[in-house]
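S.K.: Protein sequences appear in the order of chains A and B. Its first residue numbered 1, the first sequence is counted upward by one per residue in my numbering. Its first residue numbered 1, the second sequence is counted upward by one per residue in my numbering.
In short, the hints are calculated from the structure, not lab data. Where is the CB? At the ideal position from N, CA and C, for every residue including glycine. Just so you know, not all the hints are guaranteed correct.
[To be verified] Pairs of lysine to aspartate or glutamate, EDC-like flavour, derived with a Cα cap of 20 Å:
hint	chain 1	residue 1	chain 2	residue 2
1	A	K399	B	E112
2	B	K233	A	D16
3	A	K390	B	E112
4	A	K205	B	D98
[As the list claims (entries may be wrong)] Quick partial rundown of chain A residues pointing at chain B, CB under 7 Å, derived from the structure:
hint	residue
5	F103
6	P219
7	K346
There are 2 protein chains.
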Amino acid sequence: MSAEIICIGTELLLGDILNGNARYLAQELASLGIPHYYQNVVGDNLNRIHGVIEIAYKRSQILIFTGGLGPTPDDLTTEAIASFFDGTLESQPELIADIKEKFASRAREMSENNLKQALIPQGADVLPNITGTAPGIIWQPFKGEKDHPQQQLTILTFPGVPSEMKQMWQDTAVPFLKTQGWGEEIIYSRMMRFRGIGESNLAQKVNHFFDLTSPTVAPYASMGEVRLRVAAKAKTLELAEKLINPVAEQIKAIAGDDYFGDNEDTIASVVGKLLTQKRQTISVAESCTGGGLGAMLTEVAGSSTYFDGGVIAYSNQVKIAQLGVCSQTLDQYGAVSPQVAEEMAKGIQQKMNTDWSISVTGIAGPDGGTEEKPVGLVYAAIASPDGQVKSYEFKLGQKRGRAGIRYLTACYALDKLRRQIMLMN
Amino acid sequence: MSAEIICIGTELLLGDILNGNARYLAQELASLGIPHYYQNVVGDNLNRIHGVIEIAYKRSQILIFTGGLGPTPDDLTTEAIASFFDGTLESQPELIADIKEKFASRAREMSENNLKQALIPQGADVLPNITGTAPGIIWQPFKGEKDHPQQQLTILTFPGVPSEMKQMWQDTAVPFLKTQGWGEEIIYSRMMRFRGIGESNLAQKVNHFFDLTSPTVAPYASMGEVRLRVAAKAKTLELAEKLINPVAEQIKAIAGDDYFGDNEDTIASVVGKLLTQKRQTISVAESCTGGGLGAMLTEVAGSSTYFDGGVIAYSNQVKIAQLGVCSQTLDQYGAVSPQVAEEMAKGIQQKMNTDWSISVTGIAGPDGGTEEKPVGLVYAAIASPDGQVKSYEFKLGQKRGRAGIRYLTACYALDKLRRQIMLMN
């Protein structure tokens, strides 16, 4: 038993909008534990919609349509479904009344086109739309035909407007699916997050978990971060966690410090938790990130507890005047050097009187690189409460682009800070 | 002749990520004038990928795959395509060398798994990936088989990582498609960008352009910005511009200062251009944005010409010590006030000795709001070269969330600066 999503709308094929509806429904199906193997997008074209239905109803038992329920001639979803399954469209007087009332309450004139929205296939149920004028349907076109192989086929339709679709899904579709015995077991998942290790290296280390069936373990990668999704199907969250926890603990033990958090945790929120626990404060001195490191730290609500501020020292003049970097150091080693990073970190720690500080200086590009110091070369330094300053070199490569280099600089620097705070008992 | 998009990845079926790749490719196909009638999403499962290919290659002539090119065992795209079309996978020595070099340049260890990424079907061309280790392929599996009905079939594969996919699309796929005679009449479009005016207000003002057919004019809205897409189909850019320019000029005249740029222009890049023209410099003093304003200004390559630096003054202590804000002002008006914003702007202008400065202070939430000063209330101030300081109040609303409020604060403040610089002859 599985569900399939069919999104109808030429605007999706033109790339005018992101398909947020498919993502929402996918998340909902996952959390209801209803398997879902295919998504389709097709335009406002009767033949092509018929073609997609022909494919979908043979491989899936729940077909979820979004879009194409509007009043205009190119809104074809209901008509296409009805004609494909030899259904007769009937006008529903109570839907007409509802549509008229909605127009009246908004002091808008109803056009004759809108009456089309009151047509639903004989034998289908209305899936009410409280906000908009486009109701959906719940239809089991072969229900009662005992020998029919698709006797179980269920069709649900939703408008393309995300807020209406979501409300109709929650209010009517989910309760309906549960009465059918679907969605009784829910899939819970934990996204475990890692830094400082590549996807393939982590995958090799935790290879033996990938064959598990309950929980399942699957790797994902994004810029500068690797994730493992540990997911289990169970009747309650508690039961799911009993399956997930032991595996997650083993993975943590294998990954060591490369594991930094779960789900919504970010490197900045984890650093924030550590600083809050230790009642310590931090300041930043930024060259190539131009404020991005401070911005990342203060993405976390409540960061004012531990973050005081910093200096954006983009020019050498500001590095000297505001952070006390020696002009000799700049002359001798250049602005992008471990020496300057260290003086920047010391300077801001003293100036802001914080327990910790981080500095970054690097070449974000696209210009300014040399053979010796190419675009993507970054130095960070961390000044710690014991008076030590430690610098780090990151080679981020020229090809990630300015934005990528700046983003990774902030991530990598914060990750080094996280590891240092954890080491400091 | 039409193209079809096939996105492979269980993370899409679980709703873990939005399908931004499908949207990007859809936009690109539209701008190349290549018809595109279907999109598919399928998980990391060999049989189901085969099933989708079976359907797609009979109804479309260009199959564009994204995802499933990674090094792990559940990355199946290349393998699935090769086995479906009876291709033999061959290891490419130059790809192995390239992958090894990428690991070396990042000082990372390569795992044996990564060698899988060097396998491509015999007869296919490599679609090079400059940034990542997952190359794509361009393959015409029936090319040369004269009587074969799918002789024209072309397969393109891309990794799921959006930045890599986009670069590969632009650098290699688009030129390749053009050599095949596709995309010869191209849709050129100019995205005109506006700030400080709502979508419906702008739409009302330029209403009469929406019925044009060449060029077409269509409105889009995103956070804090409205855009008008002016698009024309033509054989060359020059011919398209002859259609687009007169309409764009009329729109500019109507919109006045609310129009700020085209296409890739950002509010920060436009401010940068103005400052460069006038050989003036700027500094920032940031409270609620925590560095985000500086980060936005320095997103622009070459911003060191006019941006010197700034102070992130998250705590009141830093506002006093580093920016010279009076503690009485803080006591009397509170940190979120026009008075404090003005003192911050003056303080940083003097400290950094720049022509201009901007300061921001506000309540980004989710906590810290009061009835008098709700979440979303922000003050910005701009100190100008003539010694004046002007403050602005933004009411950004509680519902945009912390990230939205911080982002809009930076955008709005820079837009005020843009208008002030333009006014100053």
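S.K.: Just pull the numbers of the violated hints for me, sorted ascending.
M.R.: Hints 1, 3, 4, 5, 7 contradicted; others consistent.
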